[in-house]
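Undergrad: Top to bottom, those sequences are chains P and H. Take the first sequence: its letter number 27 is residue 59 in my numbering, and every next letter is one higher. Take the second sequence: its letter number 291 is residue 1358 in my numbering, and every next letter is one higher.
Hint data in this document are derived by calculation from the structure and do not stem from the laboratory. Note that CB positions come from ideal geometry on N, CA and C, so glycine has one too. There's no promise every hint is true.
[Said to hold, decoys possible] In silico DSS-like links for lysine-lysine, alpha-carbon gap of 25 angstroms or less: (1) H/1293 to H/1283; (2) P/116 to H/1205; (3) H/1174 to H/1185; (4) H/1308 to H/1293; (5) H/1087 to P/284; (6) H/1236 to H/1292; (7) H/1236 to H/1174; (8) H/1342 to H/1309; (9) P/43 to H/1205; (10) H/1309 to H/1283; (11) H/1292 to H/1342; (12) H/1182 to P/43; (13) H/1342 to H/1308; (14) H/1283 to H/1308; (15) H/1236 to P/43; (16) H/1205 to H/1173; (17) H/1283 to H/1304; (18) H/1185 to H/1173; (19) H/1173 to P/43; (20) P/116 to H/1292; (21) H/1304 to H/1342.
[To be verified] Far from chain H by the CB rule (all over 12 angstroms, computed), these chain P residues: (22) 61; (23) 122; (24) 256.
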Amino acid sequence: MNWRAIWTIYKHEMSRTRRTLAQSVVSPVISTCLYFVVFGSAIGSRITEIEGVSYGAFIVPGMIMLSLRPLSVTNASFGIYFPKFTGTIYELLSAPISFIEIVIGYVGAAATKSTCLALIMLATAHLFVPLEILHPFWMLLFMVLTATTFSLLGFIIGIWAINFEQLQIIPLLVITPLAFLGGTFYSITMLPPTWQTVSLFNPVVYLVSGFRWSFYEISDVSVGVSLGMIAVFLGTCLIVVWYIFKTGYRLKS
Amino acid sequence: MMISVSHLSKTYDDGFQALKGIDLEIGRGEIFALLGPNGAGKTTLISVICGIVTPSGGRVTVDGHDIISNYRATRSLIGLVPQELTTDAFETVGHVVRFSRGLFGKKPDAAHIEKVLKDLSLWDRRDNQIMTLSGGMKRRVMIAKALAHEPRVLFLDEPTAGVDVELRKEMWQVVHDLRASGVTIILTTHYIEEAEEIADRVAVINHGEIILVEDKAELMRKLGKKQLELELHATLKAVPKKLSQHDLVLAADGLRLIYTYDTHAERTGITALLKDLHEAGIRFRDLQTTQSSLEEIFVSLVRSEP
Ligand SMILES: Nc1ncnc2c1ncn2[C@@H]1O[C@H](COP(=O)(O)OP(=O)(O)OP(=O)(O)O)[C@@H](O)[C@H]1O
Ligand SMILES: [Mg+2]
C-alpha cells in the first residue's frame, strides 16, 4: 500500500473544501433551520408525536440522512470528475498507485466531509429540539457507513459521467425520490399496506430506519436487517468500482 | 537498457491502430528524440510506457521491470510532462508540485522542491494560483511536477510548444543538468532542428511505425554530405578513366556529372576534381551544389510511407 499517496490525495481533497469552508458549513446549517421551520413547525403542530417521540425530534435522523446522502454523492463525484475534466487525471494514472488507493483517497475524503457536515447539522438540530441519542456509537457507525456507501456511489457516477449534466442527473433522478419515499419524515407504518411493501425495496428505508433506531430505539425494520442491507449496498458499489478499475472503464483507452 | 520496447502495438477502441509493432531500445542516461508528424503515435507510445494507455500487444520494460506486472517500480522511475497543459487552476504552484511528489509516495522534501522551483524560475511564484500564470509559466509548472519525485526517466511530450526562446534555453539547461545526473530523457518533437540541438539519438516515427533510429552524429554525417552537379557541354558515355579516383556518377542522360563529398572532411577534393576535368578536356556550362538536409531525409522517409 502506498499510504503516502493515499494521504496526499486525501489531504488534497480536504484542502479543496477548506477553500470553500464558509459555504460548506453555512448551507447545512441553513437547511437544517428550514426543515425545522417547515416540517417541525407546520406539520409538527398537527402531528405531535410518533411512537412516543416528539415529531420535531423524530425527523432529525431522517433529515440528517436526507442531506448526508446527496452531499456524499456530490463530494465524491465532483472529486474524481474534476481531474477527468481538467485532464490532471494523467497524474493519477501514471503514478505508482493502485486503483484501490485512489478510491480510498477520494472516497475517504468525500465521506469525511459529509460526515462532518452531518455532525454540524446534528448540532444545529440540537438548538431546536432536545435530542437524546441512545446509541451514539451505532449512530456514528450508521452515519459513516452511509457516507462511505454514497461516496462510493458518487465516485462511480463521477467516473461514468462524461459531462456536467450526467454528473447531476443521477442524484436528481434517483437519490432524491428514494430519499423522500424512504421514511424520512414519517414512519413507513403510516403508509397504506401496498406502499409499505413497495418501500421495502427502497434501500434508503433501511438506512433511515437503522439510523433512527440508534437515536430512539424505534425502527421500521430490525437493526440487523438495516445493517445487512447497507452491507449489500456497499458490497455492490465495491464490486462496480473494482470492475471499473480492472477494465479501466472511462479512465484509460 | 533503460527502456526496452518490443512488438508494442496499440489499437484504440474505435479500431484505429496507432502503434504497429514498435521495437525500441533507449539507453541509460541518453537524450532520445522521437521525431514525427502529427498523429504519428508519439503521444500514444509515451502514454503506454507511463501507464495512461493500455497496450494491445507487446511488452515494455523500464529498468528491467515490466510496466504491467511491476507498474509500481516502473512508474516510480518515470516523470511525465504531457503535451497538454493540464493543471488545477485554483491551486498554488507549491501545492501542486508537493502533491505530485506525495502521489509518487515520496517523503516531503522542502529542499528538493525548492531546488526544482528555483531551476525553473518558479520560486517567486510558489504561492501564486496557477490560473494567474502565463502559458509558458504553466509549462514550467508541468515540468516541476514531473521532477518533484526525482525521476530517473523523464518524458517530455512536445516541451517547446508555445515556449519562447528564453524558456527553451532554460529548459535545455535543465535537461542537460538532469542528464549529467544520469537521468534518461525522452522528448518528442515535430522539429528536426530541435532533435539536432539536444538529442543523442533520434527515432523517426510515422503512422505508428519507427522508420529510423540513428545516432545524431550519424545523421549529421548524412546531413554533411553535399553534391556538386556539373552540367556538361557534350554528352559522355562513361566517366573517363582519368577521373576514376574521384567519386563521380554520370547521370542517365550523359549530360551531368555528380560529385558527392563530405563538407566536414579536411579536403573536399573539389580543386583536384576541377583540375582533372580541365586536363581531361571536359567543359561544363553550369554547376550547382545541393545538400541533403535532415529535413529532406525526414520528408523523404515520411513520404515513402504508404
Ligand atoms: N483515444 C483515442 N481514440 C482513438 N484514436 C486515438 C486516440 N488517441 C489518439 N488517437 C489516434 O492515434 C493516432 C496517434 O495519436 P498520437 O496522439 O499518439 O499522435 P502524436 O504523434 O502524438 O501526434 P501530435 O504530434 O499531433 O501530438 C492519431 O491518429 C490519433 O487520432
Ligand atoms: Mg502528441
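Undergrad: Hints first: check each against the structure and report whether it holds.
TA: Hints versus structure:
Of the supplied pair hints, the one linking residue 1293 of chain H and residue 1283 of chain H holds, its CA atoms being roughly 18 angstroms apart against a limit of 25 angstroms. Distance check on the hinted pair: residue 116 of chain P and residue 1205 of chain H sit about 19 angstroms apart at the alpha-carbon level, within 25 angstroms; holds. With a C-alpha separation of about 20 angstroms, the suggested pairing of residue 1174 of chain H with residue 1185 of chain H holds against the 25 angstroms cut-off. With a CA separation close to 23 angstroms, the supplied pair residue 1308 of chain H and residue 1293 of chain H stays within the 25 angstroms bound.
At most 25 angstroms may separate the alpha-carbon atoms for a hinted pair to count; residue 1087 of chain H and residue 284 of chain P meet this at roughly 19 angstroms. Restraint check for residue 1236 of chain H and residue 1292 of chain H: not satisfied, since their Cα atoms lie roughly 29 angstroms apart, outside the 25 angstroms limit. At roughly 31 angstroms between alpha-carbon atoms, residue 1236 of chain H and residue 1174 of chain H are farther apart than 25 angstroms, so this suggested pair is violated. Distance hint between residue 1342 of chain H and residue 1309 of chain H is fulfilled; the C-alpha atoms sit about 11 angstroms from each other, no more than 25 angstroms.
A hinted pair counts as satisfied when its Cα atoms are at most 25 angstroms apart, and residue 43 of chain P with residue 1205 of chain H qualifies at roughly 23 angstroms. Simply put, residue 1309 of chain H and residue 1283 of chain H have alpha-carbon atoms about 37 angstroms apart, too far for the 25 angstroms limit, and the pair is violated. Our distance criterion of 25 angstroms between C-alpha atoms is met by residue 1292 of chain H and residue 1342 of chain H, whose separation comes to about 22 angstroms. For a cut-off of 25 angstroms, the pair hint linking residue 1182 of chain H to residue 43 of chain P stands: about 24 angstroms separates their Cα positions.
Distance check on the hinted pair: residue 1342 of chain H and residue 1308 of chain H sit about 15 angstroms apart at the alpha-carbon level, within 25 angstroms; holds. Restraint check for residue 1283 of chain H and residue 1308 of chain H: not satisfied, since their Cα atoms lie roughly 37 angstroms apart, outside the 25 angstroms limit. With a CA separation close to 36 angstroms, the supplied pair residue 1236 of chain H and residue 43 of chain P exceeds the 25 angstroms bound. With a C-alpha separation of about 23 angstroms, the suggested pairing of residue 1205 of chain H with residue 1173 of chain H holds against the 25 angstroms cut-off.
A hinted pair counts as satisfied when its Cα atoms are at most 25 angstroms apart, and residue 1283 of chain H with residue 1304 of chain H does not qualify at roughly 39 angstroms. Between the alpha carbons of residue 1185 of chain H and residue 1173 of chain H the distance comes to roughly 20 angstroms, so the proposed pair stays at or under 25 angstroms and holds. In summary, the hint linking residue 1173 of chain H to residue 43 of chain P is supported, as the alpha carbons are separated by about 15 angstroms, within the 25 angstroms threshold. For the proposed pair residue 116 of chain P and residue 1292 of chain H, the alpha carbon gap of about 50 angstroms is over 25 angstroms, so the pair is violated.
Restraint check: the Cα-Cα separation between residue 1304 of chain H and residue 1342 of chain H comes to about 21 angstroms, which is no more than 25 angstroms; the hinted pair holds. For residue 61 of chain P, the shortest C-beta to C-beta distance to chain H comes to about 25 angstroms, beyond the 12 angstroms cut-off, and the non-interface label holds. Not every Cβ of chain H is farther than 12 angstroms from the Cβ of residue 122 of chain P; the closest lies at roughly 5 angstroms, contradicting the non-interface assignment. For residue 256 of chain P, the non-interface assignment is confirmed: its Cβ lies about 41 angstroms from the closest Cβ of chain H, beyond the 12 angstroms cut-off.
Violated hints for the displayed structure, listed by number in ascending order: 6, 7, 10, 14, 15, 17, 20 and 23.
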